[in-house]
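Which chain is which? The protein sequence lines are A and B, in order.
Counted the way our numbering counts, the first sequence spans residues 2 to 657.
Counted the way our numbering counts, the second sequence spans residues -12 to 69.
Certain hints may be false.
[Stated by the list, open to error] Computed footprint of chain B on chain A, listed as stretches where at least three residues anywhere in the stretch have a Cβ under 8 angstroms from a Cβ of chain B: (1) 375 to 388; (2) 488 to 500; (3) 628 to 637; (4) 649 to 655.
[What the hints assert, rightly or not] Listed below are the simulated BS3-like cross-link pairs for lysine-lysine, each with C-alpha atoms no more than 25 angstroms apart in a straight line: (5) B/Lys6 <-> A/Lys237; (6) A/Lys225 <-> A/Lys237; (7) A/Lys237 <-> B/Lys62; (8) B/Lys62 <-> A/Lys118; (9) B/Lys62 <-> A/Lys199.
[Unchecked claim] To give an idea of the interface, some chain B residues facing chain A are shown, with a C-beta separation under 7 angstroms as derived from the structure: (10) Gly42; (11) Asp50; (12) Arg52; (13) Ala54.
No lab work stands behind these hints: they were computed from the structure.
Note that the Cβ used here is the ideal one computed from N, Cα and C, for glycine as well.
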Amino acid sequence: MKTVALVGNPNVGKSTLFNSLTGSNQHVGNWPGKTVAKIEGRYKEYTIVDLPGTYSLSAYSNEELITRNFLRESRPDIVIQVIDCTKLERNLYLTTQLMELKVNLVIALNMVTLAKKRGVLIDENKLSQLLGYPVVKIEANSSKGILKLMDVTKKIDSGVQRRNVFFGKEIEEHIEQVSTLLEKRSRWEAIKLLEDDKDVTEEIKRIDHEKKLISKSSIISDVKRIQIHLEEVFGKNIESIIADARYHYVSGLMLESVKKNKKERIMTSENVDYFLTNRFIGLPIFFATIFLVFFITFIISKPISDIIQFVFSYLSVQVLSVFGESFLSSFVVDGLIAGVGSVLVFVPPIFMLFFMISVIEDSGYMARAAFLMDRFMHKLGLHGKSFLPLILGFGCTVPAILASRILDSKKDRILTILLTPFMSCGAKLPVYVLFAAAFFPNHNYLVLFGLYIFGIIMAIIIGIILNKTLFKGLSSPFVMEMPSYRFPTLKGLIIHAWENTLAFIKKAGTVILFMVVLLWLLASLPVGVDYASKDSLIGILGQTITPFFEPLGFASWQNSVSLFFGVFAKEAIVSSLGTLYGVGEDGLINTIKLLFTSPSALSFLFFILLYSPCLASILTIKKEIGARWAIFSMLMTTSVAWLVSLAVYHVSKLLL
Amino acid sequence: MSTWKSDTLIPLTDLRAGKSAEVITINCGHQLIKRLCDLGLLEGSTIKVSKNDSGPLIIEILDTRLAIGRGQANKIYVRELE
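Isolated chain A (complex conformation) (with noise of 0.2 angstroms):
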């Protein structure tokens, strides 16, 4: 089977001509409007590889070097670039990087429309004859265009001599001399070395030493010659001279092929930022839209999750009134119910949450929102970017977790990935609702507001103090594309959400599902025990962590057990409850009511709202950045989480 990977700049409609072509045979592992992973698809006989949007194959970033390396050890057999034509100046910089690749390559031409309404026309074949590459106009959104895309894919002939980007007489002549030096290993590698690309550069080093060449003459100083020689003649540094004699090919290529009217550009984009991005009214605008977005979201996927409710409850009383109370009834309705019933009832908030996030990220005001908080992001030692994970956050960890991939530095990704488990993820939205509805009915939505904002000052805190003691040192610099306005596609937000979804269920349907039967096993063990009893293994375990919780008023063995279970999955800890206290989910308002006091349920639910992430984020966290910031992870936000605790439960107990 043969392999097309796509590429282009981000937001050019990579994606959306990967699902037209794909359908619904995608993998799941798109996040929300980001493909920081490459994912696959598949098309007839072809195997669709869709890569991280990227400005260039430089090494700056993780998107690049996915990117990159895809390319050059993979080896697709065609790729295609997909380039946004209101920005062609831009797009065609990292062509001229694909042709130095030497990659098969097919030019899809996107938004040709929009392009021509700014005046911009494009004549694709003398652009196919200038690149010497076949060009085809598409509209990714409508599918317009896709066969013939397709089609010229297909008759594609990957034995054809390749054309050079030519780098104008002076730079070709350093080129040839860096290849010599090379012994003509390639020209793209003779390019990347001398415009002092880290990652060849290394490379290089490496033989340098292999070949025990002495520092005066090894091919590294020899190269450092010809930059400064360069440097010299053109009066600027080595990658402005590199990058502009591309520039400089991709105006020659311009000129001939694409005719701009005089026409004035309206730039829409331009108007809304003067709002959006207003130091003013900006922070009120985004304020009101995040709020916005968690207001739809559960407004929407409340009543969709009651029926589900109610259809699982039903379902047990059913079972049990036909087979009555029996050791496998028990199974039936404590086990698998209540676990398949746990998970399923948080499919319609998650869904609508990653749909909201998605509609702001793909209109392209998640740029603004990461622009507006940048001064803020800063102050913690964080970038602007580091927003879009801490947002996801309060959807799931894991994919907040992997979204951080999006930062370029190391620094700011393990900071952010230590700061998102403070974002107060939707599982743990039901013990919220639980404990407000029995302990505070009349200020409910206060309290679940202000665990939120608690979350976001606690990452604040921690933030200032890891910053000030671990990472010490600069932040990396902000530097970020605006992209314009869009309105996005409905088939586009419900592949994103769904796909998340998916993700959620296929994680909850293994991991929850095991621990509620292993739960259930455990509370009935040893034989002959009372289900859930204190004599149960459960029991046992629970009693041994109790002290532990003493100091925070809420030290019950149930309660321990159930928050040894959060850290399998958040999910579980309603409903681990809900059987241990043997009164099930429903009659469980009752049961705590008459167990807690005020100030011991506030400091319960502080201590949910930030102990220790789920073991799929912890694992997620070693997979990201190593097991060592994974424990730590678990370690410092379950020791905050006790602090915190223990003042509330004091505080509260003055004043409640």
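Got chain A sorted already, so can you dock chain B onto it with the hints?
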């Protein structure tokens, strides 16, 4: 090619919104210079400032809008154009 208003080099942060300028030198680290090049901002390119009050600046370059932190913008020296 447009002409310079004066020969004085000023940091990008001193350029008011609505003004255009030619980039003369970029005094950032190599990694950032490369990033800026990829985004179309290099020595010799013409830019227009579209927002410059507090926080990051927004500049227009090659039909795109770019946000850039004040700290970085301070290291980019430009000559204002007529």
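A quick look at each hint next to the structure:
1. 375 to 388: holds (count 4)
2. 488 to 500: violated (count 0)
3. 628 to 637: violated (count 0)
4. 649 to 655: n = 0 at 8 angstroms, threshold three: violated.
5. B/Lys6 <-> A/Lys237: At roughly 24 angstroms apart (the allowed maximum being 25 angstroms), A/Lys237 and B/Lys6 satisfy the hint.
6. A/Lys225 <-> A/Lys237: It holds: about 15 angstroms lies between the C-alpha atoms, which stays within 25 angstroms.
7. A/Lys237 <-> B/Lys62: Satisfied, since the Cα-Cα distance of roughly 15 angstroms is no more than 25 angstroms.
8. B/Lys62 <-> A/Lys118: Since the Cα atoms of B/Lys62 and A/Lys118 sit roughly 37 angstroms apart, the hinted pair is violated (cutoff 25 angstroms).
9. B/Lys62 <-> A/Lys199: Holds. B/Lys62 to A/Lys199 sits at ~22 angstroms (cutoff 25 angstroms).
10. Gly42: 4 angstroms, holds
11. Asp50: 5 angstroms, holds
12. Arg52: Since chain A brings a Cβ to about 4 angstroms from B/Arg52, closer than 7 angstroms, the hint holds.
13. Ala54: 5 angstroms, holds
Hint check: violations occur at hints 2, 3, 4, 8; the rest are consistent with the structure.
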